[in-house]
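For reference, the chains in residue letters:
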Amino acid sequence: MESTKKTIIVFSGDLDKALAAFIIANGAAAMGDEVTMFFTFWGLNILRRQDAPSHQKGFLQGMFGGMMPRGSTRLGLSKMNFGGMGAGMMRKVMRQEHVASLEELIQIARDQGVKMIACTMSMDVLGFREDELIDGLEFAGVATYLGEADEANVNLFI
Amino acid sequence: MESTKKTIIVFSGDLDKALAAFIIANGAAAMGDEVTMFFTFWGLNILRRQDAPSHQKGFLQGMFGGMMPRGSTRLGLSKMNFGGMGAGMMRKVMRQEHVASLEELIQIARDQGVKMIACTMSMDVLGFREDELIDGLEFAGVATYLGEADEANVNLFI
Amino acid sequence: MESTKKTIIVFSGDLDKALAAFIIANGAAAMGDEVTMFFTFWGLNILRRQDAPSHQKGFLQGMFGGMMPRGSTRLGLSKMNFGGMGAGMMRKVMRQEHVASLEELIQIARDQGVKMIACTMSMDVLGFREDELIDGLEFAGVATYLGEADEANVNLFI
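Residue numbers (this note's numbering), protein chains in the order written: chain A, 18 to 175; chain B, 18 to 175; chain C, 18 to 175.
Excised from the complex, chain A in its bound form (with noise of 0.2 angstroms):
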């Protein structure tokens, strides 16, 4: 039987490709597919923890932590963002037309097993340690993506 695992790099940390990543993950995991999520560069924002501890970090790493969304609920959307009023805007009709929130979707993704892996490369270079992402990531590189990839029939780059 053919492969139907999906694979998916999340490079992207704005709202609107976040959300079109999870309905995607989420929806080829409801239909029984295997799904890795690979997060790299600013997908790695998704994953931040709103509580996470501080710590020391060099120089710039700080800036780009401090400068970078803290977490999924502080996504910009990529257009018509207008400093947050469009993510908010974004939010506020999905709500209304009854399509889960991103935070849904995520929670989702762990309960139907999706796997995300954070990549360590991009988390070195950014400054994240593994216990400033959320719960339930699996830690990795590139070579790791490359392996499931060439399992899967579907592979995506948002």
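One or more hints might be untrue.
Copies of the same chain look alike in the list, so a pair counts if it works inside one copy or between any two.
Derived pair list, reagent style DSS-like, types lysine-lysine, alpha-carbon separation capped at 30 angstroms [as the list claims (entries may be wrong)]:
id : residue 1 : residue 2
1  : 109       : 74
2  : 109       : 22
3  : 74        : 22
4  : 132       : 74
Honestly, the hints are just simulated from the structure, not real lab data.
Fit chains B and C to the supplied structure of chain A, relying on the hints for placement.
Showing chains B and C alone in chain A's frame:
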């Protein structure tokens, strides 16, 4: 025989990315491949009709509709748009180089039988009705996309 | 045996996305995969030589050429660029973490035999001649890309 079907998720509503999506889709269709384009989020703006009937909409969806570009001719570039001047430059230089315009590319896609699906969940969120979008579309959700992608050998997210 | 060939369309000319593209390409090549990168639209800026001979160009193409970053060292980040300061920070922190620079990654890609194709249609539109781009490229259009993608098991659009 191996599948040579292609799917493209058109998430972006930028002129340059829309051009890339249709050039790939039309190239594949010209080579005999079945092609499915799945328009979601900002990508729906590519499909808006300029002469759309006006509907009573909720406040937020009215705002989204009013602020987003109304159809393929109003799209901006993802880079160097300069309030639309960049998009105009891109269109002009493409004419000079005898490259088809986005509107021509959309028509070629239809003539070649490229399947264009508008994402119904995004339509609900952004407040688009079927008669506000161009003719010849199908309307479906992520499960339909995933079914198409499972049959394809190339799947892109643009 | 199954194909493990990979293709990457490099549409973006942002430093962060270029890094992601080359890290994936080099990772796959290091694992023995054949890899083809297809540079189109803004992605061509990654390949510009800084010491390019000057050519007489049309007005619009001259403007595009003058405003777009001239080569890999001049690229900005897709997020938090702050007029180039973000790109400088990213480069500095990558050095600290002993991650290869974009220029080193491009050299590694060449050394590993990654096939780099510049999209000729985009070159026409943006006004680039072959001698304005770095050595070791092939020049072809979307049909060539599609032929490569048909042989691959992972195809990404970045």
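Going through the hints against the structure:
no.	hint	verdict
1	109 <-> 74	between (36 angstroms within a copy, 15 angstroms between copies)
2	109 <-> 22	neither (33 angstroms within a copy, 37 angstroms between copies)
3	74 <-> 22	neither (38 angstroms within a copy, 39 angstroms between copies)
4	132 <-> 74	within (28 angstroms within a copy, 39 angstroms between copies)
Comparing the model with each earlier hint shows violations of hints 2 and 3; every other hint is respected.
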